[in-house]
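Novice: Produce the complete structure using the sequences and hints provided.
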Amino acid sequence: MVDKTAMKSVTLRRALRSSGALLRPALSTIVALVGAFVTGAIILTSTGFNPMQVYYTMFQEAWYTEFGIRKILIETLPLLIIASGLLVCFRAGLWNVGCQGQMIIGGLLGNVVGYSLGTVPSPIIIPLMLIAGMIGGMAWVLPPAIMKARWDLNEIVTTLMLNFIAIDFELYLVKGPLRNAKISTHPMTTPIVATAELPKIPGTQVHIGLIIALALSVVVYLLMSRTTLGYQFRVLGGSTSAARYAGLPISRLIVLSLLISGATAGLAGAVEVAGVMRNIDPEWVPSYGLEAFPLVFLANFNALVIIPFSFLFSTFLVGGDLMHRALGLPIFFIDALLGLMLVFFGAAEAVRQLQLRWRGKKD
Amino acid sequence: MFVSFFLGSMLRSATPILFTALGEAYGESAGVLNIGAEGMMLTAAFTAFVAAASANSLLVGVIAGVGTGIVFGLLFAVLVVTLRADQIVIGVGFDIAAAGLTSLGLRVIYGTAQLPVLPSREVVDIAPLSSIPVIGKAFFSQDAMVYLAILLVPVFYYVLYRTRFGLKLRTLGESPMVADTAGVNVFLMRYIILMLVGAMAGLAGTYLSIYQVGFFRDDMTQGRGFIAIGVTMFARWNPVGVFLASLLYGGAESLAGGVQALGFLRTIPNEVVLILPYIFTIGGLVALARRARLPPALAKPYRREL
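First to last, the sequence lines map onto chains D and S.
Take 1 as the starting number for the first sequence in the working numbering and just add one per residue.
Take 1 as the starting number for the second sequence in the working numbering and just add one per residue.
Any given hint could turn out to be false.
Said to hold, decoys possible - Each computed EDC-like pair below joins lysine to aspartate or glutamate, with the alpha-carbon atoms no more than 20 angstroms apart: (1) K300(S) - D152(D); (2) K175(D) - E271(S); (3) K71(D) - D152(D); (4) K182(D) - D281(D); (5) K137(S) - D125(S); (6) K200(D) - E66(D).
Stated by the list, open to error - Coverage of chain D stretches by chain S, computed from C-beta distances (three or more under 8 angstroms per stretch; other residues unrestricted): (7) 151-158; (8) 168-181; (9) 267-277; (10) 304-314; (11) 347-353.
Keep in mind the hints are simulated off the structure, nothing from the lab.
Glycine included, C-beta positions come from ideal geometry on N, C-alpha and C.
Specialist: The following block contains the structure:
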């Protein structure tokens, strides 16, 4: 005879534990946000600013002004695109910190395609531009990817070095071979032709890049959760030795996941050129690559959750910029917040892991 | 004499990398990858500058900078050794936060006013040797910090490879479990090592801001922390290799500066020379680190499975 009382209590405990399972990962995110903002408040107070006023202005400027909302939508785009790609390589345990450089190269290549194919109609030139962007990004991440796959050379160092190289390379290209000869005052690239510009979503001021970004997130979500490849990436990220034991093609997975993140970074660059900038300034150094880092973590590597988080992060950035203009607080405060979020998240996750082990040991 | 100047500036450029890389060599040999070195260097550079400017003394700056490094090393240790957080996540978080906080701090403290001028660095002239033509001035007429960095090389080498402490340290990186079984307190040692790593990064940042450059600029480390990590890896954690590699880096950076200032070889575009240090790091990794065996326990938190 089965002891029904005992069974009930076991089932109840199990149910509680599994419902908690959904809560607990989100807890790290909440800790990260709260921790960062509280620490930020301490910093603000010690430098003579009123934290409540700062935070309030940040959100108010971002969400309650038309300018703010529009800027947020524009800023979310590249952030979302890059974050979607980073998610893939992070899940595979690979750290691509060179997204800035990949975005620059992708943007440059897209720019070039955008003005060299003058008479080609929109439905052809736009995809070509975007593909060129992806190729640029992939080309830039390929050397570090191969170096990691073949020789296990630390990809943080290699991608970052290429980042710096890209910035200087951009200076050289825009001031030199890619310089627009028609403008003598300021070095800039030749703008893309009108047919290559991304059209706006009918009825709004936002270009269709937003649709591309959202579609990409869904694609990445499906890739990671429903395909074999996504599963393989996750195994690799979980444990290299487990992956090897399972016979997975590790070198290929390393290169592929890094290429995906490079492609998205390059795509973001091309989208920026096609949708917003039209041409490139020699000192264009987008910061989305670094901002996407904490974003992917706080969204717990979930490609769909990344969407609202991208909006949240661009709220911080846009709100931060507007708040800086209104209150005079240097915008670097926002970078500090992002860094703190990452540290708090890491700490919270660590505590959570420790807790899980404790629970495991008790039973 | 251009060569003499170049050699001298090569040593000065190498010094920050050398300091950080020596520390990182110990850290990585003990199984900890401090990706936050860049952030620690930058923060130390900032505090060193502010302290030195306020007290009008470089020594105060050095104390402040090294102290900052130790504090951050300790913080890193708490997060990574005791809480067992992911070393990469925490490290990158440090880097991002440091960039934001230092630039914020710079503006909050000095606003838009001109930065104060620091007392100039004192050059220690080693009298008879510095008169040797060409290399004399470069090698024997530098400030104390450069000499310190060079002197630390044999010290670090000796401790790492010829003392019991060094052996225990290296065991931590190979197999913490073995070290633990042999009675080594893994946690305490890693704490101590991380404070050392932080101190070295602090020295590096301090040197950069108050000796080499003379003031603080946004993001002034420009990737040097990561370059130092790269140097450590392709020197295979050997302090002597680290020294040689740092000199090479110093040469690359010096060349970049020299070309810009002297318009040397005007046919080569500026930017090509600017990227030399980064190409050097990648090249070094490819050339020398390919067959390097990483310490097996690198970047893995240690858990006692009893």
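Novice: State for each hint whether it applies.
Specialist: The hints, checked one at a time:
Restraint check for K300(S) and D152(D): the C-alpha separation of about 16 angstroms stays at or below 20 angstroms, so the hint holds. A threshold of 20 angstroms between alpha carbons decides the hint, and for K175(D) with E271(S) the separation of about 10 angstroms falls inside it, so the pair holds. Restraint check for K71(D) and D152(D): the C-alpha separation of about 41 angstroms exceeds 20 angstroms, so the hint is violated. Straight-line distance between C-alpha atoms of K182(D) and D281(D) comes to about 15 angstroms, which keeps the hinted pair within the 20 angstroms bound.
At roughly 8 angstroms between alpha-carbon atoms, K137(S) and D125(S) fall within 20 angstroms of each other, so this suggested pair holds. Between the alpha carbons of K200(D) and E66(D) the distance comes to roughly 17 angstroms, so the proposed pair stays at or under 20 angstroms and holds. Coverage of a stretch by a chain is defined here by at least three residues with a beta carbon nearer than 8 angstroms to that chain's beta carbons; for the region 151-158 of chain D and chain S the count is 7, and the condition holds. Coverage of the region 168-181 of chain D by chain S holds [criterion: at least 3 residues with CB-CB distance below 8 angstroms; count 5].
With a threshold of 8 angstroms between beta carbons, the proposed coverage of the region 267-277 of chain D by chain S is violated, since 0 of its residues qualify and at least three are required. Only residues whose C-beta sits within less than 8 angstroms of a C-beta in chain S count toward coverage, and the region 304-314 of chain D has 0 of them, not enough to reach three; the restraint is violated. A count of 5 residues in the region 347-353 of chain D with a Cβ less than 8 angstroms from any Cβ of chain S is obtained; the coverage claim is therefore met, three being the minimum.
In terms of the numbered hints stated before, the structure departs from hints 3, 9, 10, listed from lowest to highest.
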